[in-house]
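Sequences listed follow chains A and B, in order.
Mapping of the first sequence onto our numbering: position 233 corresponds to residue 233, and the numbering continues sequentially without gaps.
One gets our numbering by counting positions in the second sequence from 1 and adding 1000 to each.
Some hints could be false.
Below, in silico cross-link-like pairs of lysine-lysine (DSSO-like), each with a Cα-Cα straight-line distance of 30 Å or less [stated by the list, open to error]:
#1 K1011/B with K1118/B
#2 K210/A with K169/A
#3 K11/A with K118/A
#4 K1169/B with K210/A
#5 K1169/B with K1210/B
#6 K169/A with K1210/B
#7 K1050/B with K1011/B
#8 K115/A with K169/A
#9 K1210/B with K210/A
Computed beta-carbon distance windows for the label pairs [to be verified]:
#10 A1279/B with E159/A: 20 to 30 Å
#11 N44/A with H1284/B: 37 to 47 Å
#12 Y1178/B with P276/A: 42 to 52 Å
#13 A94/A with P1288/B: 42 to 52 Å
#14 A1038/B with G216/A: 55 to 65 Å
#15 E1159/B with E159/A: 39 to 49 Å
#16 N76/A with P1193/B: 53 to 63 Å
#17 I14/A with H1284/B: 35 to 45 Å
Partial chain A-side listing against chain B, Cβ under 7 Å, derived [said to hold, decoys possible]:
#18 P231
#19 I236
#20 A264
No lab work stands behind these hints: they were computed from the structure.
Cβ atoms here follow ideal geometry from the backbone N, Cα and C, with glycine treated the same way.
Protein chains: 2
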Amino acid sequence: MTRTIVESQTKTAIIGFDQPFCVIGERINPTGRKLLAAELEAGNFSTVEKDALAQVACGATMLDINAGVVYNSNPNPNETEPPLMTKVIEMVQALVDIPLCIDSSVPAALEAGLKVCKGRPLLNSVTGEEDRLEAILPLVKKYNVPVVAISNDDTGISEDPEVRFAVAKRIVERAADYGIPACDIVVDPLVMPIGAMRTAGLQVFELVRKLRMELGVNTTCGASNISFGLPNRHGINAAFLPMAIASGMTSAIMNPVRPQEMEAIRAANFLTNNDPHGATWIKHNRPPVAEGEAPAGARGAREGRRRRRSS
Amino acid sequence: MTRTIVESQTKTAIIGFDQPFCVIGERINPTGRKLLAAELEAGNFSTVEKDALAQVACGATMLDINAGVVYNSNPNPNETEPPLMTKVIEMVQALVDIPLCIDSSVPAALEAGLKVCKGRPLLNSVTGEEDRLEAILPLVKKYNVPVVAISNDDTGISEDPEVRFAVAKRIVERAADYGIPACDIVVDPLVMPIGAMRTAGLQVFELVRKLRMELGVNTTCGASNISFGLPNRHGINAAFLPMAIASGMTSAIMNPVRPQEMEAIRAANFLTNNDPHGATWIKHNRPPVAEGEAPAGARGAREGRRRRRSS
Chain A
1 MTRTIVESQT KTAIIGFDQP FCVIGERINP TGRKLLAAEL EAGNFSTVEK
51 DALAQVACGA TMLDINAGVV YNSNPNPNET EPPLMTKVIE MVQALVDIPL
101 CIDSSVPAAL EAGLKVCKGR PLLNSVTGEE DRLEAILPLV KKYNVPVVAI
151 SNDDTGISED PEVRFAVAKR IVERAADYGI PACDIVVDPL VMPIGAMRTA
201 GLQVFELVRK LRMELGVNTT CGASNISFGL PNRHGINAAF LPMAIASGMT
251 SAIMNPVRPQ EMEAIRAANF LTNNDPHGAT WIKHNRPPVA EGEAPAGARG
301 AREGRRRRRS S
Chain B
1001 MTRTIVESQT KTAIIGFDQP FCVIGERINP TGRKLLAAEL EAGNFSTVEK
1051 DALAQVACGA TMLDINAGVV YNSNPNPNET EPPLMTKVIE MVQALVDIPL
1101 CIDSSVPAAL EAGLKVCKGR PLLNSVTGEE DRLEAILPLV KKYNVPVVAI
1151 SNDDTGISED PEVRFAVAKR IVERAADYGI PACDIVVDPL VMPIGAMRTA
1201 GLQVFELVRK LRMELGVNTT CGASNISFGL PNRHGINAAF LPMAIASGMT
1251 SAIMNPVRPQ EMEAIRAANF LTNNDPHGAT WIKHNRPPVA EGEAPAGARG
1301 AREGRRRRRS S
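Using the sequences and the accompanying hints, generate a full structural model.
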């Protein structure tokens, strides 16, 4: 059974077919968030702090940390991103204790993150592009961390799922040459928007199943991409996630603050027998007890809490 | 490609892997509905009428008709159910034009329904029990209708999905002996409550996939059974349905009046490329146009509606 182990200093998250779905919180990422980008350039980390706490409170298993901001004062990310990555990771891991996912397209920023990140973070990402394989796989080996493998290569992103599978397979093989086991590769099969490509959903479901059956790897994706440009995106995402889980997907980079998607994931965990006795489901969905009907014990406990609050 | 054709006098519903999920409205069924049972015994069909119209308005593909009420005045369903089935079907098909599913455990009630039902109804159901096979398959052949095949037999309902698959296979083979093709068998693999059996969800997903891949049959189920006894049942159902659809399920007997489940199904149709260009999704989720922003045509139409309402 494939298990990808990711750790903070104190907590372990396991990505695996027999585990609750791994929710990688996507919010700490200035891409497309102008206000956050401006804050980071100004050295203001209040939104990062708020997003870290909110995502953990909503049930994130792991937090993605992307510091890919393009400064107005210096447009070279090779210079600006590594020190910012260091700073954001130090700040976040001082604040919350779940494992982190170091996310950058700048190899120096990935290594800067690896140097300060405690435990065993997930590295995000390598692709099938030659220069990326050569830059990232040695880091994966050196720091003994798992890595997200995105299934595009030097020819770009293929619309043919067979080609994307072949790219993923090649990354797994190249990683093996470095002594990196398949359980440390989390493949992102690439999710296209169904608004642009009608077969995008079916492609992902088939690819995930094939990646699981034939390569035995865990999988992840940028889940909300599926609904790009469409109305009621949360409704689409909330069906896509259980369908991907039923097909074998084991994690996603997504917004854990969205209740509809998180409820769908909790239900899917229960339905795949990864929520023993439905304990998590029941905890989140316990029906409210009417005042008059509350058993004495429960009422007492509730009143106790009130008293403590008002004291 | 397996296609099960079900027809009313004027409309055709196709159950198939390349079709939108077939929603069989479950509401017209006195089982567990004391008020409806009492109404039917008193010859009052107002709830049936209301349920028929509401289910069609909410997007049911087909309506299940069950007249299995136990009269206080006569506890023998063999006497009471056939004439009631006749009456309910005649009433419903005078009111709505979608295909019907004739649902009974009383063979005489099934035949009474077949006699008055226009078009090509779905018969619900045969099991793997010897006496049921011998009573129902000749009806299926005689009236040339498709039939729901429930995967239990004389030994009961097995908890082993392999046994349930074997029962389904035997029904398909027995039907073939009568000249009934596999495309006219819609297998119900039997959905157990996850509250009672932790692997119930996984079992259904695996069985549906196997039934589709190995027997090439369409499938259905009593969907809400999965969440029996649990809090926030709609949340579980709304994840279960897309997961079952991703596994290959093509229809369910369910309550189409529930918006959460129906939204999940519309999203799943889009994600399996069975909602071309997302037309149905977009129609149901068009963002509201603010008064000031409405194009003249839309505003005119809206005001036209208002005028008609107030006249």
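Against the structure, the hints:
no. : hint                            : verdict
1   : K1011/B with K1118/B            : 11 Å, holds
2   : K210/A with K169/A              : 11 Å, holds
3   : K11/A with K118/A               : 11 Å, holds
4   : K1169/B with K210/A             : 26 Å, holds
5   : K1169/B with K1210/B            : 11 Å, holds
6   : K169/A with K1210/B             : 26 Å, holds
7   : K1050/B with K1011/B            : 21 Å, holds
8   : K115/A with K169/A              : 29 Å, holds
9   : K1210/B with K210/A             : 16 Å, holds
10  : A1279/B with E159/A: 20 to 30 Å : 22 Å, holds
11  : N44/A with H1284/B: 37 to 47 Å  : 41 Å, holds
12  : Y1178/B with P276/A: 42 to 52 Å : 45 Å, holds
13  : A94/A with P1288/B: 42 to 52 Å  : 44 Å, holds
14  : A1038/B with G216/A: 55 to 65 Å : 58 Å, holds
15  : E1159/B with E159/A: 39 to 49 Å : 43 Å, holds
16  : N76/A with P1193/B: 53 to 63 Å  : 59 Å, holds
17  : I14/A with H1284/B: 35 to 45 Å  : 38 Å, holds
18  : P231                            : 4 Å, holds
19  : I236                            : 5 Å, holds
20  : A264                            : 5 Å, holds
Comparing the model with each numbered hint stated earlier shows that all of them hold.
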